[in-house]
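J.: Chains as they are written, first to last, in our numbering: chain A, 1 to 253; chain B, 254 to 506; chain C, 507 to 811; chain D, 812 to 1116.
Each hint should be verified, as a subset may be incorrect.
[Stated by the list, open to error] A partial selection of chain C residues facing chain B, derived with a Cβ cut-off under 7 Å: (1) Lys509; (2) Val532; (3) Gly533; (4) Glu540; (5) Gln566; (6) Val568; (7) Ala573; (8) Ile579; (9) Gly725.
Note that these hints are calculated values from the structure, not bench results. Every residue, glycine too, gets a C-beta built ideally from N, C-alpha and C.
Take a look at the letters that make up each chain.
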Amino acid sequence: MLIVKSPVEKTIKLENNIILLKVYAPEISSTIKPGQFLNILVSDSYSPLLRRPFSVCDIEGDFIFLMFNILGEGTKILAQKLKGETINILGPLGHGFNIEGDYNTAVIVAGGLGAAPFPYFVRALPKNKKNISFVGGKNSNDVITYGLNNISVSTDDGTMGYKGTVIGLLNENLELLKKDKIKIFACGPNPMLKALKEFTIINKFECEISIESAMACGFGICQGCPVESTNTKDKYSLVCKDGPVFNVKDIVL
Amino acid sequence: MLIVKSPVEKTIKLENNIILLKVYAPEISSTIKPGQFLNILVSDSYSPLLRRPFSVCDIEGDFIFLMFNILGEGTKILAQKLKGETINILGPLGHGFNIEGDYNTAVIVAGGLGAAPFPYFVRALPKNKKNISFVGGKNSNDVITYGLNNISVSTDDGTMGYKGTVIGLLNENLELLKKDKIKIFACGPNPMLKALKEFTIINKFECEISIESAMACGFGICQGCPVESTNTKDKYSLVCKDGPVFNVKDIVL
Amino acid sequence: MNKVDLSVNVGSLKLRNPILLASGTVGYGNEMSEFIDLNKIGGIVTKSLSLKPRKGNPPQRVVETSAGMLNSIGLANVGVEVFLKEKIPFLKNYDVPLICNIAASSIEEYVECTKILTGEETIKAFEINVSCPNVKEGGLQFGNDLNAVGEITEKVKACTNKPVIIKLSPNVSYISEFAKVVKQEGGDAVSAINTLVGTSFNIFSKRPKLFNVTGGLSGPAIKPVALAKVLEIKRSVEIPIIGIGGIMNWKDVIEFMIVGSSAIQIGTANFINPKIADEIIKDLENYCSTNGIERISELTGSYII
Amino acid sequence: MNKVDLSVNVGSLKLRNPILLASGTVGYGNEMSEFIDLNKIGGIVTKSLSLKPRKGNPPQRVVETSAGMLNSIGLANVGVEVFLKEKIPFLKNYDVPLICNIAASSIEEYVECTKILTGEETIKAFEINVSCPNVKEGGLQFGNDLNAVGEITEKVKACTNKPVIIKLSPNVSYISEFAKVVKQEGGDAVSAINTLVGTSFNIFSKRPKLFNVTGGLSGPAIKPVALAKVLEIKRSVEIPIIGIGGIMNWKDVIEFMIVGSSAIQIGTANFINPKIADEIIKDLENYCSTNGIERISELTGSYII
Ligand SMILES: Cc1cc2nc3c(=O)[nH]c(=O)nc-3n(C[C@H](O)[C@H](O)[C@H](O)COP(=O)(O)OP(=O)(O)OC[C@H]3O[C@@H](n4cnc5c(N)ncnc54)[C@H](O)[C@@H]3O)c2cc1C
Ligand SMILES: Cc1cc2nc3c(=O)[nH]c(=O)nc-3n(C[C@H](O)[C@H](O)[C@H](O)COP(=O)(O)OP(=O)(O)OC[C@H]3O[C@@H](n4cnc5c(N)ncnc54)[C@H](O)[C@@H]3O)c2cc1C
Ligand SMILES: Cc1cc2nc3c(=O)[nH]c(=O)nc-3n(C[C@H](O)[C@H](O)[C@H](O)COP(=O)(O)O)c2cc1C
Ligand SMILES: Cc1cc2nc3c(=O)[nH]c(=O)nc-3n(C[C@H](O)[C@H](O)[C@H](O)COP(=O)(O)O)c2cc1C
Ligand code: FES
Ligand code: FES
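Taking the hints into account, I'd like the entire structure generated from these sequences.
T.: Laid out in structure tokens, this is it:
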């Protein structure tokens, strides 16, 4: 865990109002793993007061990329950073995806901005593993495919790809998925993750998910980010420290 | 009184870390009088929460100039404004200098950043009036002569001009001052204004001073900016509404 | 856009919308009239008035803090008589409910002020500021004393037919106990909250920044505390509540209504943006209209816990 | 630069500098040790410990507010036994005064916890968190009840030789009355303040953002209130005070010392910058040295009013 002040290199606007922030942070890029996150202080003032957690989206040499859209004060300030301005980064934090292991194809399931951690994930995947992506959104505006390969898309309103949820789309492709030795890696809104949990249990797929939570510290001292664990009834797991990536079986969604 | 969002045109760094902010504000430039002030919201966030009062320093067509140095959060943010960014201005506020009247020469007395309102003052002075300036500072770094003419300088430590206070300097020039029909216009730190009050009473000079105060609203509703009045014992005057320019006889310093 | 009904009732007091301007942050209305149309806002609460004019505290009276400010104005005001003579005529030009806020240093003074003012028809209700030092009791605050608040409520009610709103101090263990006493003694509503006691020191001079040493904290910093106090009252006493504390935009208004406010007051925000009341009213109309809220009063106490 | 003496005494407790890390914002020290040298800070106050492990509240437990945050962790902790077995060994690697914070739902539980922990030599003092619901009294806070605070002080003191610090709740009318009771009953010091009660609602769902509805407000927003509480205690009771509330930098530390604190605690700021304690200690050294302050303890209560 480090605290670094890193200069912004570039702010890239993708479609759908998605922003990619390219930041020079060699200390982070050389150590962070896909699915880990950073807790970012967007301003030295007390407004906003707390850091903001972001997944590492991608890495290019000494640079890291963050992907987000403008939700509130923190992301608004981040989006306005100019080249040379620094951001204060705390990280790498938490446990990332277990990309090693006994499977042939990584199946990425992403809902909306849940796509954020996967460009780096794809890049970091061992050479001997294939990857395919299922990307869902409410509508075509909500579909983010940046940095992904072999993509199938679903939208709730049918404005793009399969009409329905991304879990519906997975079900449509069930035969295909069953043919291969797959492991599912997912990130997205809670209802999606809930449905996915059921889907993976029924179909006996290995599955890791990255979840979100309100956070204050991001590194385990505030106890602010509990998630119910299926293993220990008398204790919560912490999203920031025990996660944000969990085996889908280990937590109650 | 208006509230306008005005785009910054240019940030000019003078010597001594003094900053001049040039802002496009025709609604203000066309109505404001020398010595009046503006209450400026430097940020939409709640940090800082309140507006910051600044004298109008100068005017050029549709543009106004503010003069300040970086003291705290508010002035730091202001100093970083780029061309095109807007600032939210409330004004014109208060009563300015009475530049008309029965005198031949306006004698400007300024201590440190007390020089801020005088470039516009000089520009606005009726053609038939001369002006001379006495500018004091702790040391040469503290002496601001921007926009002034016929300048005599004093520094407490003697690093520039007369060694001593600006009131000492005035005393040195007493004969000269007494020869003319003068009116003194002053702005600066409180100890200077106190000494000036005594000086003007002893020598029977007309004198108006611009004073500062902590302020919340700047337009008379919070009662946050009292100053003891010599005229009404049972009531304070308000710096923002009754001032910031007062006849030196009207207030207790 | 459908027509939305923004009107609310605070007990028997009818307001065209829930947006009042808080005592001490609107003067007596004239400066604000340069920025907003007083005929559109829900109402004005005057600066606290006392029997005699008060000079107030020497400077420094205000200090900024993180997302807030401290003030110790010391209840500077023109006194009830000058108010009636010099301030009321201006307010008569407008169709805006006027709530007269009264501050005093004895129970008798509260009564006296109310008696003098109650005949003036422009005044639609009284708001009693109990966050004042009780001179007889050695300067302890009325607002921290259940008996005093009860007695003030009872005696003020006895000398006016107009609605009496008691403005509660948040600097107590259980604010709902005070609201209970107000209800018992016939008070029509409570305002919550007045400012929190705070201070700030200059670390170089070691002196307090405020002449009066301590002052009242207001602004967005106190919003979470104010919301909790309103909710506490709502959950334990049935009395109309006027919510106050750190309101900066329409979302804050909705939040205060959800936790139990029938109306709200805007304080510190007026200093930052004197047009804010106007803007909030438009935003509320918009919000209600796009969300199918026909009457904004439905929101009062609509929390789901 | 002259050598500066940063050491302070809080009653009989000697600290190498006045910078403590506040309960609930430092865990049990291990995560923080990645960022700062624990051997340099004044001391650590543990997360509140209870007799049995506590799971704490379901999510959501934290919400940001203007210049502050609300938390309702629900005193999640490992319990005294696991603490002794699993957390103390790590802390033994460091030379840092450990203050054990205890939370309980009955007076007996406070006593029990103290008895179990007092034998552990690594623990240098106890801080008693009285901002806990008293289960026997229907969940009312101990911290709002003078008698309860007195009884807790007396009974905890009776079963340990170590200094007992009572951490006071700010959610009361007169905090100095509580400090008086603590002194009367033999308490060694008070910590002030714990968090202010606050809440925040989602205006769309109309539900509280915190599962527990209300939470504790901390951060710079509360600093003026905390300073006023410390000053109130200092001016009316002679008892060492540990100042807490919104401290973000060395200037805030000096301000808290001037109004009467012998030492201070850093809370929320640890979340934003876990190196802050280190940085503040260096800044304090610098400040004292350049201003000719030989012993920082001179600053305690040095206000000029
Ligand atoms: C481990 C982790 C990784 C994350 N990675 C990314 C990422 O790569 N890209 C990205 O865009 N976001 C990510 N997030 C979410 C991101 O932290 C929030 O969007 C951000 O904090 C919002 O800050 P803000 O100040 O702009 O909005 P705020 O003003 O804090 O909030 C604005 C609105 O967004 C809602 N909101 C705030 N936080 C969240 C949240 N965590 N989830 C859902 N809604 C929220 C608020 O309730 C509010 O309605 C991640 C969160 C976690 C915990
Ligand atoms: C009518 C009026 C006109 C003014 N005109 C000018 C001007 O033309 N140019 C200019 O530079 N300043 C002017 N000032 C002062 C200016 O308002 C403050 O310097 C500014 O508010 C500081 O804001 P900040 O956020 O940078 O500093 P803050 O963080 O608010 O304060 C930083 C430090 O400055 C001190 N400080 C704050 N306000 C003042 C003040 N009013 N006087 C002295 N010290 C203060 C604080 O105590 C603190 O130590 C004027 C003030 C008034 C009342
Ligand atoms: C400068 C100032 C003066 C105030 N004067 C009074 C007053 O005279 N009487 C009163 O009852 N409340 C007074 N208040 C309290 C406000 O009416 C309001 O209760 C408080 O500021 C909280 O609201 P806010 O956070 O929106 O400002 C004053 C507040 C401020 C900031
Ligand atoms: C997330 C969080 C958890 C806390 N847990 C405890 C606790 O277990 N026991 C306790 O006495 N105080 C607890 N506190 C209160 C702090 O110790 C401190 O009194 C308060 O936060 C004010 O200081 P600050 O503004 O510097 O944070 C907690 C505070 C926070 C923010
Ligand atoms: S965010 Fe603080 S413990 Fe997880
Ligand atoms: S600053 Fe508000 S009345 Fe002068």
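J.: Please go over all the hints and tell whether each is borne out by the structure.
T.: Hint check results:
Given the 7 Å rule on beta carbons, the hint for Lys509 (chain C) is violated: about 29 Å separates it from the nearest Cβ of chain B. The interface hint given for Val532 (chain C) holds, since its Cβ lies 6 Å from the closest Cβ of chain B, which is under the 7 Å cut-off. Hint status for Gly533 (chain C): holds, given a least beta-carbon distance of 4 Å to chain B, under 7 Å. About 5 Å separates the beta-carbon of Glu540 (chain C) from the nearest beta-carbon of chain B, less than 7 Å, and the hint is met.
Below 7 Å, beta-carbon pairs count as interface contacts, and Gln566 (chain C) has one with chain B at about 5 Å; its hint therefore holds. Hint status for Val568 (chain C): holds, given a least beta-carbon distance of 4 Å to chain B, under 7 Å. A distance limit of 7 Å between C-beta atoms decides the matter here; for Ala573 (chain C) the minimum to chain B is near 4 Å, and the interface restraint holds. For Ile579 (chain C), the suggested interface contact is upheld, since its CB lies about 5 Å from the closest CB of chain B, less than 7 Å.
Given hint, Gly725 (chain C) at the interface with chain B, holds; its Cβ is 6 Å from that chain's nearest Cβ, closer than 7 Å.
In the structure shown, a violation is registered for the earlier hint numbered 1 alone.
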